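The listed protein sequences correspond, in order, to chains D and C. Quick note: the first sequence uses numbering that gives the first Met the number 0, first residue 0, plus one each step. Quick note: the second sequence uses numbering that gives the first Met the number 0, first residue 0, plus one each step.
Incorrect hints may have been included.
A few chain C residues that face chain D, going by a derived Cβ cut-off under 7 Å, partial list only [stated by the list, open to error]:
#1 Pro45
#2 Glu46
#3 Cys49
#4 Phe53
#5 Leu66
#6 Val67
#7 Gly68
#8 Ala71
#9 Leu72
#10 Phe79
#11 Phe124
No wet-lab data here; the hints were simulated from the structure. For clarity, every value in this text was computed on a predicted model and none was experimentally measured. Glycine is no exception: its CB is placed at the ideal position from the N, C-alpha and C atoms.
If you want the building blocks of each chain, they are given just below.
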Amino acid sequence: MRVRRVFLLAVTLAVCLVLLTIQGRGQESRAADLVAVVTTPVQRALAALHRGAFGAWSTYVEWKNVRAENRRLREEVRQLRVNALVVSETAGENHRLRRLLGLRDSLPLQTLAGEIIAREWGGWVRSLTVNRGRGDDVQRLIAVISPDGLVGRVVDVRPGSAVVQVLTDPASTVGAHVLRTRTPGIVEGEPRGTLRFKYMARDGAGLEVGDVVVSSGQGGVFPRGIPIGRVRSIDDRGSALFHYAALAPVVDFARIDEVLLVIGDRGKDLTAFFPAPTGG
Amino acid sequence: MRGLLALTVFGGGIAHATLAPALRIADVAPDIPLIVVVLLALRRGPEFGCIGGFAAGLLQDTAGGGLVGVQALTKSLIGFAIGTAGGRLWVSQPLVQVPGLVLLSLVEGLARYALLKLFHFPAPFGELMLYVVLPQALYNGFLGAALVLALAWTQTQRGAS
């Protein structure tokens, strides 16, 4: 065993020394060629493994980078979507406020702009809360309008806010008339959130679907001529004293965000200041 | 024996080709084939150390483009020597492994320098020792010890499971 080991060492050293001697005698290329015959395939295999290992590693790194980039881009897309929503919301708000400002500047009334901060939308009560209250000289029973038409009246004033009873509230009644025929009547809210126009049959001859109903100004709460709704259908009750017309409100109470509170003189006719309601 | 030898040569070669550049610190790279030869010679004996050292050194010589046979000779000697002395050395502690590998690397460096000097190697001894052999020896010592500890931990885990 010991002899075998020594023999092995001697052979190994001899091979090394032969190689070195060959090279030392100026025949480097021959020695190198000799070794290269054995080592080149091994080196090739090593290089292939090296390339494979690095290829796999670089693929993994790239995959990780792509994943990180994907995550970053997703976050960016999410942020851009939020930004787009903000821009869209701001543009919508800008448009609404411009309309409100235009109306406020054109009306021959003293008004106060308010923002809706809460909504009560149950069947029993339908109201909006605006961010104007006692400190802004807001009083009970003043009219609340929007660029589209009449919203309702203030029924409760608090230090920093006021509650507006909207027209569709079951307890809401507004004196009104049909713009085209001057047929007088009362607009009432209904529990299901709709409006109806109650009028005397003999006055309502000739009422048609699509007619616009506006506030009459009687009662002193609402200025005259503010659009309320458009006749959607007529409930002809034959020889009954009163007939009813279902109205489509001109204001979308569920979506309204800004309103004007009429705090000054309410005795003016505002028919000319509102555009003719569309749809119906 | 053959499988392990192939593993030594190929594993050391691959590690040297792939890991050594990545493990370079301040332009000092470890001599991974030497570490592998030493560690396996301790376990497998002088024959393995001699042949493994020869093959690994020959590959390094060829890859390096210098005199073929220098590292083959030094590494086979180191492998044989450490394989022979392995049974009498207490090498399971890092306190032995680090200085041991440092010492072996220094010896290998000295032997290589001596051999190369026979072929009129021009580099000054002091500079070569200070900037090449000694830093690499220290690096080999710590890397080898880390490798031994990692292997021991793996074996402990395997035994526990």
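Going through the hints against the structure:
1. Pro45: At about 5 Å, which falls below the 7 Å cut-off, the nearest Cβ of chain D leaves the hint on C:Pro45 intact, so it holds.
2. Glu46: With a minimum Cβ separation of about 6 Å from chain D (threshold 7 Å), the hint on C:Glu46 holds.
3. Cys49: This interface hint holds because 5 Å falls under the 7 Å limit.
4. Phe53: Holds. Min distance 5 Å.
5. Leu66: holds (6 Å)
6. Val67: Interface hint status for C:Val67: holds (5 Å vs cutoff 7 Å).
7. Gly68: holds (3 Å)
8. Ala71: holds (5 Å)
9. Leu72: holds (4 Å)
10. Phe79: holds (5 Å)
11. Phe124: This interface hint is violated because 20 Å lies over the 7 Å limit.
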